[in-house]
Amino acid sequence: MKRFVGFVRKEFYHIFRDKRSLFILFGMPIAQILLFGFAITNEINNVDIGILDQANDVTSKEIINKISASKHFSIVDIIHQESSIESIFKKGKVKAVLQFENNFGNNLIKEKQANVQVLTDATDPNMASTISNYISSILKKYQQELNKNVSVDYQIVPQSRMVYNAELKSVYMFVPGVMTVILMLVSAMMTSISITREKEQGTMEILLVSPLKPFQVIIGKVFPYIFLSVINAVVIVLLSIFVFHVPVNGSLFLLGIESVLFIITSLALGILISTISATQQTAMMISLMGLMLPTILLSGFIFPISSMPLPLQVISNIIPAKWFIIIVKGIMLKGIGIGFVLKETFILLLMTLVFIGVSVKKYKIRLE
Amino acid sequence: MMKDNNVIQVENLSKLFGDFAAVNQISFQVKAGEIFGFLGANGAGKTTAMKMLIGISSPTSGKATVAGFDVYKETESIKKNIGYMSQKFALYDDLTVKENITFFGGIYGLSKKQIDQKRCELVEELGLQEVTKSLVASLPLGWKQKLAFSVSLLHEPKIVFLDEPTGGVDPITRRQFWEMIYKAAHNGTTIFVTTHYMDEAEYCDRVSIMVNGKIEALDTPKKLKEHYKTDTMNHVFLKLARG
Numbered sequence: 001m002k003r004f005v006g007f008v009r010k011e012f013y014h015i016f017r018d019k020r021s022l023f024i025l026f027g028m029p030i031a032q033i034l035l036f037g038f039a040i041t042n043e044i045n046n047v048d049i050g051i052l053d054q055a056n057d058v059t060s061k062e063i064i065n066k067i068s069a070s071k072h073f074s075i076v077d078i079i080h081q082e083s084s085i086e087s088i089f090k091k092g093k094v095k096a097v098l099q100f101e102n103n104f105g106n107n108l109i110k111e112k113q114a115n116v117q118v119l120t121d122a123t124d125p126n127m128a129s130t131i132s133n134y135i136s137s138i139l140k141k142y143q144q145e146l147n148k149n150v151s152v153d154y155q156i157v158p159q160s161r162m163v164y165n166a167e168l169k170s171v172y173m174f175v176p177g178v179m180t181v182i183l184m185l186v187s188a189m190m191t192s193i194s195i196t197r198e199k200e201q202g203t204m205e206i207l208l209v210s211p212l213k214p215f216q217v218i219i220g221k222v223f224p225y226i227f228l229s230v231i232n233a234v235v236i237v238l239l240s241i242f243v244f245h246v247p248v249n250g251s252l253f254l255l256g257i258e259s260v261l262f263i264i265t266s267l268a269l270g271i272l273i274s275t276i277s278a279t280q281q282t283a284m285m286i287s288l289m290g291l292m293l294p295t296i297l298l299s300g301f302i303f304p305i306s307s308m309p310l311p312l313q314v315i316s317n318i319i320p321a322k323w324f325i326i327i328v329k330g331i332m333l334k335g336i337g338i339g340f341v342l343k344e345t346f347i348l349l350l351m352t353l354v355f356i357g358v359s360v361k362k363y364k365i366r367l368e
Numbered sequence: 369m370m371k372d373n374n375v376i377q378v379e380n381l382s383k384l385f386g387d388f389a390a391v392n393q394i395s396f397q398v399k400a401g402e403i404f405g406f407l408g409a410n411g412a413g414k415t416t417a418m419k420m421l422i423g424i425s426s427p428t429s430g431k432a433t434v435a436g437f438d439v440y441k442e443t444e445s446i447k448k449n450i451g452y453m454s455q456k457f458a459l460y461d462d463l464t465v466k467e468n469i470t471f472f473g474g475i476y477g478l479s480k481k482q483i484d485q486k487r488c489e490l491v492e493e494l495g496l497q498e499v500t501k502s503l504v505a506s507l508p509l510g511w512k513q514k515l516a517f518s519v520s521l522l523h524e525p526k527i528v529f530l531d532e533p534t535g536g537v538d539p540i541t542r543r544q545f546w547e548m549i550y551k552a553a554h555n556g557t558t559i560f561v562t563t564h565y566m567d568e569a570e571y572c573d574r575v576s577i578m579v580n581g582k583i584e585a586l587d588t589p590k591k592l593k594e595h596y597k598t599d600t601m602n603h604v605f606l607k608l609a610r611g
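As they're listed, the protein sequences go chains R and D.
To convert, note that position 170 of the first sequence is 170 in this note's numbering; the numbers rise steadily by one, no gaps.
To convert, note that position 104 of the second sequence is 472 in this note's numbering; the numbers rise steadily by one, no gaps.
Hints are supplied without guarantee of correctness; some may be wrong.
Derived pair list, reagent style SDA-like, types lysine to any residue, alpha-carbon separation capped at 25 Å [to be verified]:
1. D:Lys486 with R:Arg9
2. R:Lys199 with R:Val358
3. D:Lys481 with R:Leu212
4. R:Lys199 with D:Leu509
5. D:Lys480 with D:Glu492
6. D:Lys512 with R:Glu11
7. R:Lys112 with R:Leu52
8. D:Lys480 with R:Val5
9. D:Lys512 with R:Leu208
10. R:Lys213 with R:Gly202
11. D:Lys501 with D:Asp461
12. D:Lys456 with R:Pro211
13. D:Lys526 with D:Arg574
14. R:Lys2 with D:Gln485
15. D:Lys466 with R:Tyr13
16. R:Lys213 with D:Thr428
17. R:Lys199 with R:Ile286
18. D:Lys501 with R:Leu207
19. D:Lys501 with R:Tyr13
20. R:Lys362 with D:Gly510
21. D:Lys456 with R:Leu208
22. R:Lys199 with D:Lys448
23. D:Lys481 with R:Tyr13
24. R:Lys19 with D:Thr500
25. R:Lys199 with D:Pro525
26. R:Lys2 with D:Gly386
27. D:Lys456 with R:Tyr363
28. R:Lys199 with D:Gly510
29. R:Lys199 with D:Thr464
Since the hints were made in silico from the structure, they are not lab data.
Chain D extracted, bound-state conformation:
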């Protein structure tokens, strides 16, 4: 079903709100195991595009498949095969670490045994042994963010969508967070990430930059910098965004 190992396949995808094209005929492919950076200023249409890909918003026109499933008709299958973590912190503050893991594992249909096993691995990996019975509210933001990312990977999704996952986190935690992303990608999970931080864009295998609903540039960070004759992604972005 998947062409050339592409887990996300988008062709001329559009979303109109009345006359306004929030997403205007975008096309791109994401390969399995790739870290794909989805960049753009606020209001450029990133979130709208992402919502169509994760199956909670229906496109106006165009074609797209995610993990081999159609975004119009097979949203249920898409949802089973993806993980998602949003810019707002996305675990329950009034539940303990353990309860959060059990809950999210449960809604993805994991068995009790699977959940227990995953939980042990995850707690060990993040070094959360001391706090499994603490409310998530009592954890520092960086820990919460890392935990949320691990929880979004619980059901071993093919693709994980991260919507500005590192907002408000200190640079050291951000660095650690990206190490987790690399590790997940290394294990074969495709990462689709939106971010505001241009230094993070450098960590991606490929980046697309959206301006006013259209994808204006799409390539590896290295090639983009060469093309726009500059040495940081920040300058690339500014050049594009200012037109």
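This is chain R alone, in the form it adopts within the complex:
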């Protein structure tokens, strides 16, 4: 026990004396959560749009007022001929142009149909379709107001309600993802680097010749990172609760237990990486390319797994982050209990055992 304490103390000296480690450990989590929370967002706010009002009547004016009153859009340009549309798009002044046809109001009353064209800059396809949806919904609302006193014979009115995230805040989606990425980064990359550093310096040999058993060396090396990762998880959850007002509907205790499980899974991966890489550089490359990219791209953090091509969907199953994100979303947003994430928990547990098993085998081979 005393040896263990001495070993862990030494690990903390390494961590606290290396500015790079410190930055990755504590700077990154906070920077990432703030970046994802504030800057990177799927919501649209204050999108610049242009108006080409060829009708210039009461109805079109009313619609324009409604649009400019919405916080989603700001009208920055009123143009007067069709030929100007292209030039303002090219200058990048606007993301969308709303074009009312001649006699818009008259057509609506007499012909019961009037056309308005929504042109969007689809160089950013997601943005374009979101803008188009928002504008359509404003138009629909206006239409419903007009028809209030008129009885229509048959009408289907979809009543959609967004559950678990009624305001469609994207930070709700990012918090579980960022938490996963950070825990993976800190646990897997930092441990693999710290173990390979001992190999590179030649101190690993000294440790193996000492009376310490190999598993004691490994546990001594990963223990500080369990501790630091738990602190990180707590900081992320606190930030998301108090800065972004993401609710934690489920049990904080369960969230804690599951996080520790995922931290251990990542540490096991880190140990595995360190057994196959001889230098810190290799360990870092494998962690970044082999872990970070799949964790960000294939875990369902940013891109929904259900819309991926089948081969990628299959691959996503072997990514621990996928299962942890499901667990975190479930607990934080849906407030579910352990009963609903048993499968995911079991998969993470199994992965951890496999990683540890393979590492132990590799480690022995290397010693021979």
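Mind docking chain D on chain R? Use the hints.
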């Protein structure tokens, strides 16, 4: 347990990697308090042989005991009784002199009191009083090497294994380093040392020379020179290595 005061006893020890015999049926004994030079060109099998003796690699066949313990079954006991210093510099650069001593003393199970006492002795002996709180990274290479050697002796091992300990060190420091080795041997520690420098081979009580996995010569430097009718160990080595 130890026969005739031999702390290392090796009989027909081999290590195969597939069909390749990195170490091929070597036999030798090292007496307590002896400075035993273990020589050989790169790839001759020195490091593999040494790894078997220090308990981090298992032999394919043959018998060997180190400090009276079997290299197959009692590696844990071997590890407690030996010290080791490798060719790569082996202390932590980002720890201070004091922290390194505390750490290595700790993993060998020394008590705090023992560590404190050893540290004072060691710091005094090496004249490191001014730098105990400096990071090891800031020390000159020669000092680091001497410190690493002293640290490998902290737990008073019966045998200390030195794997090319003086690589890259200037001649004066090398000389001082060998004075430390003599002193340790004088205090009863057995020294098992590999080296590239043939002048260092002259400082050993006995030397063995390994060529292609086998020990081709083993005797005192004086007798080896007589046998090969030359006046330097360098010539002895060249004659053997070239076959």
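Verification of the supplied hints:
| no. | hint | verdict |
| --- | --- | --- |
| 1 | D:Lys486 with R:Arg9 | holds (20 Å) |
| 2 | R:Lys199 with R:Val358 | holds (19 Å) |
| 3 | D:Lys481 with R:Leu212 | holds (21 Å) |
| 4 | R:Lys199 with D:Leu509 | holds (20 Å) |
| 5 | D:Lys480 with D:Glu492 | holds (18 Å) |
| 6 | D:Lys512 with R:Glu11 | holds (21 Å) |
| 7 | R:Lys112 with R:Leu52 | holds (22 Å) |
| 8 | D:Lys480 with R:Val5 | holds (13 Å) |
| 9 | D:Lys512 with R:Leu208 | holds (21 Å) |
| 10 | R:Lys213 with R:Gly202 | holds (17 Å) |
| 11 | D:Lys501 with D:Asp461 | holds (12 Å) |
| 12 | D:Lys456 with R:Pro211 | holds (20 Å) |
| 13 | D:Lys526 with D:Arg574 | holds (18 Å) |
| 14 | R:Lys2 with D:Gln485 | holds (18 Å) |
| 15 | D:Lys466 with R:Tyr13 | holds (13 Å) |
| 16 | R:Lys213 with D:Thr428 | holds (22 Å) |
| 17 | R:Lys199 with R:Ile286 | holds (16 Å) |
| 18 | D:Lys501 with R:Leu207 | holds (23 Å) |
| 19 | D:Lys501 with R:Tyr13 | holds (13 Å) |
| 20 | R:Lys362 with D:Gly510 | violated (36 Å) |
| 21 | D:Lys456 with R:Leu208 | holds (15 Å) |
| 22 | R:Lys199 with D:Lys448 | holds (21 Å) |
| 23 | D:Lys481 with R:Tyr13 | holds (22 Å) |
| 24 | R:Lys19 with D:Thr500 | holds (23 Å) |
| 25 | R:Lys199 with D:Pro525 | holds (24 Å) |
| 26 | R:Lys2 with D:Gly386 | violated (41 Å) |
| 27 | D:Lys456 with R:Tyr363 | holds (21 Å) |
| 28 | R:Lys199 with D:Gly510 | holds (22 Å) |
| 29 | R:Lys199 with D:Thr464 | holds (20 Å) |
Of the numbered hints listed earlier, those contradicted by the structure are 20, 26.
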